[in-house]
Amino acid sequence: MASQEIETLASALARLPGLGPRSARRVVLWLVKRRETALLQLLAALEQVRDRLVECRICGNVDTQNPCGICADPRRDQTSVCVVEDVADLWALDRAKLYTGRYHVLGGKLSAMDGVRPEDLNIGSLLERVASGGIDEVVLAMNATLEGQTTAHYLAERLEEYPLRITQLAHGLPVGGELDYLDEGTLAQALRARRPVG
Amino acid sequence: MALDAITLSHFRNHRETRLDGARQFNLLVGENGAGKTNVLEAISLFAPGRGLRRAALAEIAGAAGPGGFSVGASLAGQPDEEALRLGTYTKAAQPGRRLVQVNGTPASAVGLGEWLAISWLTPAMDRLFADSAGARRRFMDRMALALDPAHARHAARYENALRERNRLLSDDRPPEAAWLDGIEAQMAQHGALLAQGRARTVAAVGQEIAVLPEQPFARPVLVYAAGGPAGQDAFAAALKSGRGRDRAARRSLVGPHRDELEVTMAGKNVPAASCSTGEQKAMLIAITLAHAQLAARGRPGLLLLDEVAAHLDPFRRASLFERLRSGRAQVWLTGTELGPFAEIRAEAAVWQVSGGQVERV
Chain W
2 MASQEIETLA SALARLPGLG PRSARRVVLW LVKRRETALL QLLAALEQVR DRLVECRICG
62 NVDTQNPCGI CADPRRDQTS VCVVEDVADL WALDRAKLYT GRYHVLGGKL SAMDGVRPED
122 LNIGSLLERV ASGGIDEVVL AMNATLEGQT TAHYLAERLE EYPLRITQLA HGLPVGGELD
182 YLDEGTLAQA LRARRPVG
Chain R
171 MALDAITLSH FRNHRETRLD GARQFNLLVG ENGAGKTNVL EAISLFAPGR GLRRAALAEI
231 AGAAGPGGFS VGASLAGQPD EEALRLGTYT KAAQPGRRLV QVNGTPASAV GLGEWLAISW
291 LTPAMDRLFA DSAGARRRFM DRMALALDPA HARHAARYEN ALRERNRLLS DDRPPEAAWL
351 DGIEAQMAQH GALLAQGRAR TVAAVGQEIA VLPEQPFARP VLVYAAGGPA GQDAFAAALK
411 SGRGRDRAAR RSLVGPHRDE LEVTMAGKNV PAASCSTGEQ KAMLIAITLA HAQLAARGRP
471 GLLLLDEVAA HLDPFRRASL FERLRSGRAQ VWLTGTELGP FAEIRAEAAV WQVSGGQVER
531 V
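Protein sequences, first through last, are from chains W and R. Under the numbering used here, think of the first position of the first sequence as 2, with each following residue one higher. Under the numbering used here, think of the first position of the second sequence as 171, with each following residue one higher.
Errors might be hidden in some of the hints.
Here are some, though not all, of the chain R residues that point toward chain W, as calculated from beta-carbon distances under 8 Å [said to hold, decoys possible]:
(1) 323
(2) 338
(3) 356
Calculated Cβ distances over 10 Å to all of chain R for the following chain W residues [what the hints assert, rightly or not]:
(4) 12
(5) 19
(6) 53
(7) 59
(8) 77
(9) 111
(10) 113
(11) 114
(12) 126
(13) 147
(14) 153
(15) 159
(16) 186
Calculated from the structure, these hints are not laboratory results. Built from N, CA and C at the ideal position, the CB exists for glycine as well.
Pulled out of the complex, with its shape left as it was, chain W reads as follows (with noise of 0.2 Å):
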């Protein structure tokens, strides 16, 4: 039977994604027997995010600088915004490199059933940057679920007042992916966004 310390760091680790009970009593024997060395380093590593990550006053995302990296590089399109549900596909946008823009990072989806409502996400400050000037395109990066798909429409009505590009990512074929293996919905959604080639 482990210590009453060695118990609760167990249940705590076992909360984070991706993680489990079991998974968590093999992280903390992992850690207790690198007390000097990799434990050391997480927990000055953990203390640095503590104290000094912050929320970026314009897109929402998480840096330790305010504004963020992404935000205060002069070598970004100021005049493209592309909206996303979580930080963490504002990462995943950003690792693939191609987007040369700027992010706005709404905080999550609309959902009437877990009562988050417009004015539980960042949909007003992103009203705000659009109103500010500037900006000639916002890019629609909802994921393709029911709720991911309803806050695009949403956002597209409110953003119809500005002179804007308002593009939305493209739902179909994947990358490598091959017609015969795909479901007909998926089909379908290729189909109607196909395009002129060359």
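Following the hints, put chain R in place on chain W, whose structure we already have.
Just chain R, lined up with the frame of chain W:
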């Protein structure tokens, strides 16, 4: 190809059960509670969905076992053709998650529909015509799903969008129009496809039934009655114009969630719900057989008939067997005794089921 062997392991009262050498007719005979329907349920899990009892997976694993269950099936074709092995199982660590294997390789449950077309008729379905409209919508969806696996996704998405809209409408604050627009766009898209799928299925089953004689089985006439305007744009417009009314009612009053499957008895022109118990059963059999015939196009069909033969008079029973014999599907029947099956006894594979064990007779 046809189902040749099936194995059940820690499946309800079956600890380890193996049924070999299936034929076109397969009989499971035994007392009440022996585990006959459990075998049918196990087979029904080779269709996408929750099987013929609509049971929670965690309920299925035998209490005495390791906490998970598994069902295996092998399908044999020509002698030189390699057998196809299908498996579906749960693990003790995740009793609510069904895993599927095809020839030893992980596959999706939805993909099972590519290999087998499974239809069933159980005593629980006897009340279908007298039951709520919701039960008949589920019945339509199950038939549609067997013909087009994508149907399930439209149904689920529509259901979610509908719940979102109803929640917004029943809020004390007036709902924001742009938000409703977003939800209704999703409802219209998936609702239109859902309605089309149901309409198509009912029409196809109806055509299959229409060519049958009115005797000895009561012949049903099926009509799909749409709960909302057909087509995505018309439905979206109806939702938008109905907001005030729906808000007063605190729920959505048009759409495929108000669909109905209207069944009447041919010749008599009487709603199925007002027909005799025997006539209702006969119409259910007609629908099930017609659907099985449709579903089995291009893939082996399986028809699971739980306690069906005992409730028919000898004349209708003989006629049922005759129809089954000329049909495309392999048939699995249960009964408490062999008597009613005398006519197919010689050609059938027969198992005596008792206490979760089977013995080939």
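So, going through the hints one by one against the coordinates:
no., hint, result
1, 323, "holds (6 Å)"
2, 338, "holds (5 Å)"
3, 356, "holds (6 Å)"
4, 12, "holds (19 Å)"
5, 19, "holds (15 Å)"
6, 53, "holds (37 Å)"
7, 59, "holds (24 Å)"
8, 77, "holds (29 Å)"
9, 111, "violated (6 Å)"
10, 113, "violated (4 Å)"
11, 114, "violated (6 Å)"
12, 126, "holds (17 Å)"
13, 147, "violated (5 Å)"
14, 153, "violated (7 Å)"
15, 159, "violated (6 Å)"
16, 186, "violated (6 Å)"
Consistency with the previously given hints fails for numbers 9, 10, 11, 13, 14, 15 and 16, ordered from lowest to highest.
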